[in-house]
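Using the hints provided, position chain B relative to the given structure of chain A.
From first to last, the protein sequence lines stand for chains A and B. According to my numbering, the stretch in the first sequence is residues -6 to 260, in order. According to my numbering, the stretch in the second sequence is residues 174 to 433, in order.
No wet-lab data here; the hints were simulated from the structure. Please note that a few of the clues may not be correct.
Stated by the list, open to error - With a cut-off of at most 27 Å between alpha-carbon atoms, the simulated DSS-like pairs for lysine-lysine come out as follows:
no. : chain 1 : residue 1 : chain 2 : residue 2
1   : A       : K241      : A       : K214
2   : A       : K194      : A       : K183
3   : B       : K193      : A       : K125
4   : B       : K230      : B       : K395
5   : A       : K183      : A       : K210
6   : A       : K105      : B       : K193
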Amino acid sequence: MARIHLDNVGLTFRVRPHGRITFKESVIRRIRQMFTSTRTPKMKVRALQNINLDIHDGERLGIIGHNGAGKSTLLKLLAGVYPPTRGRRVVEGRISSLFEIALGFELDATGKENIAYRGYLQGETRRSILAKMGAIEEFSELGNFLNMPVRYYSAGMMVRLAFSIATAINPEILLIDEVLTAGDLAFQDKARQRMQDMMAKARLIVLVSHDLLSLHKMCNKAIWMDHGRIRQAGSVKEVVTAYAGSVKQQAAPPAPSTAPDSSTAAA
Amino acid sequence: MFSYMASIYRCRFFWMSLVKMDLRTRYRRSILGLGWSLLHPIAMTTILCFVFHRIFKVSAEEYAPTLMAGLAFWTYFQGVTLQGCSTFFLAESYIRQYPSPLAIFPLRTALGAGIHFLMALGVAIVLASYTLGIPNPLALLSLVPTLALLFLLGWGLALLAGIATVLFQDSEHLATVGFQILFYATPIIYTDETIRANNLTWLMHYNPLVAFLNLLRDPLIKHQAPSWHTYGAATATVLIVAGLAFGLLYRVQRRFIFYL
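In isolation and in its complexed conformation, chain A is listed as follows (with noise of 0.2 Å):
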């Protein structure tokens, strides 16, 4: 039984304007403010405002939004990574997540080490592992590159690998972002087919992608994240429509006033 449920979530990040701190800054900084008795204020950023969601077993939800409307913050929450700072988060069910490309490889590392880290990682022991490494080597269908080092893929190898994996240790709950694109044609169709499988076993699917049209095959619900908020929830149809509207909206140029004007009327 998987669910997703968020409260009236919020999630706010304090930005320091020059990025990490040190020591010796912090103390000149303390000694500055005996003196000035002024505070470098912290940049405030509303990542995430106000979602409220509600997902259940065998929902396929795609997340749509422009570049920084807080999309991958909000799989990130979903996973547990970043924890919301208002609002309350309930998540039941396995997760496995897919990311970044690379993260949680290790590089240096062959790709069958690999496998055997990330499974470990979600839980996995010796033998479960062992057991599904045979399934994973072969839907990866990166054969012999399998025992070279990770660090020597390309970016459509490593998302192979790391699909098959996320996929190949039955997750309850599955979060991708949008890393499938790197893949080739072959494997997105499998890929595709694969979380279709997923589905007809009932498990929740949370997909952030660009590719609109292949969010009409792959989910059955969608948000259109803006700004840190929902703008609009509802069936796939729906919501990339009005999505792709108000892209297109913006891409026209402005509208010229077809007022006439009156100095010219008069001359």
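Chain B only, in chain A's frame:
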């Protein structure tokens, strides 16, 4: 607390394989393999032994194993802290992908350094048996609780160093300077006689590291188990370090990802 330990145990295969990988990548590149990491303490022991024996007329039979045991401890103590500084940065790609108990990454550091320590300690024991005769096996047995204490100390130190470096990026730099000072305030290269002759006993009295050195040296050199007092002092230090480390972790773990 127990649920946290349980979650560490649950992903045991993960951190164990990371430790294994660390060791392998370290030795894959050198022909001499495991001996390579012992090169530094052995070379230091040889050189210092030669210098102290020739110049200060110290008897090498006792000095060599004393020095080797001291350097083994120091290498572990310093290594676990300095490597601990980068432990969370090395693990960043895991932390950003899966929520896992953060303490497993300093655990990886402590276990890796611990294996090197065991090898160096082995060399010290062999050296001591060679120059001072076979040690009392019962006294050697007293090393078992010592190893447990050292392991906990290392885990705590790596955790502290790791969190400190994430919060303040120049922690490693500060630690390096600190170690430089601490090295000379700890009786690693000098002997009891030099300390007593120079009225430095007070320094040894307040240095918490002395207890750990005695835990190692008593069974090896003096062929006797360390006193309860020594064990007590070492345990107190370990408890303080571990308490600070896990207390700090408890406070920052929820927001840790935002600092990283």
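Against the structure, the hints come out as follows:
With a C-alpha separation of about 22 Å, the suggested pair K241 (chain A) and K214 (chain A) falls inside the 27 Å cut-off, and the hint holds. Annotation: proposed proximity of K194 (chain A) to K183 (chain A) holds, straight-line Cα distance about 17 Å (limit 27 Å). For the given pair, K193 (chain B) sits about 21 Å from K125 (chain A) by alpha-carbon distance, which is consistent with the 27 Å threshold. Distance restraint check for K230 (chain B) and K395 (chain B): the Cα-Cα separation of roughly 20 Å lies within the 27 Å cut-off, and the hinted pair is therefore satisfied.
With a CA separation close to 13 Å, the supplied pair K183 (chain A) and K210 (chain A) stays within the 27 Å bound. Only pairs whose Cα atoms come within 27 Å are accepted, and K105 (chain A) paired with K193 (chain B) is accepted, the gap being roughly 15 Å.
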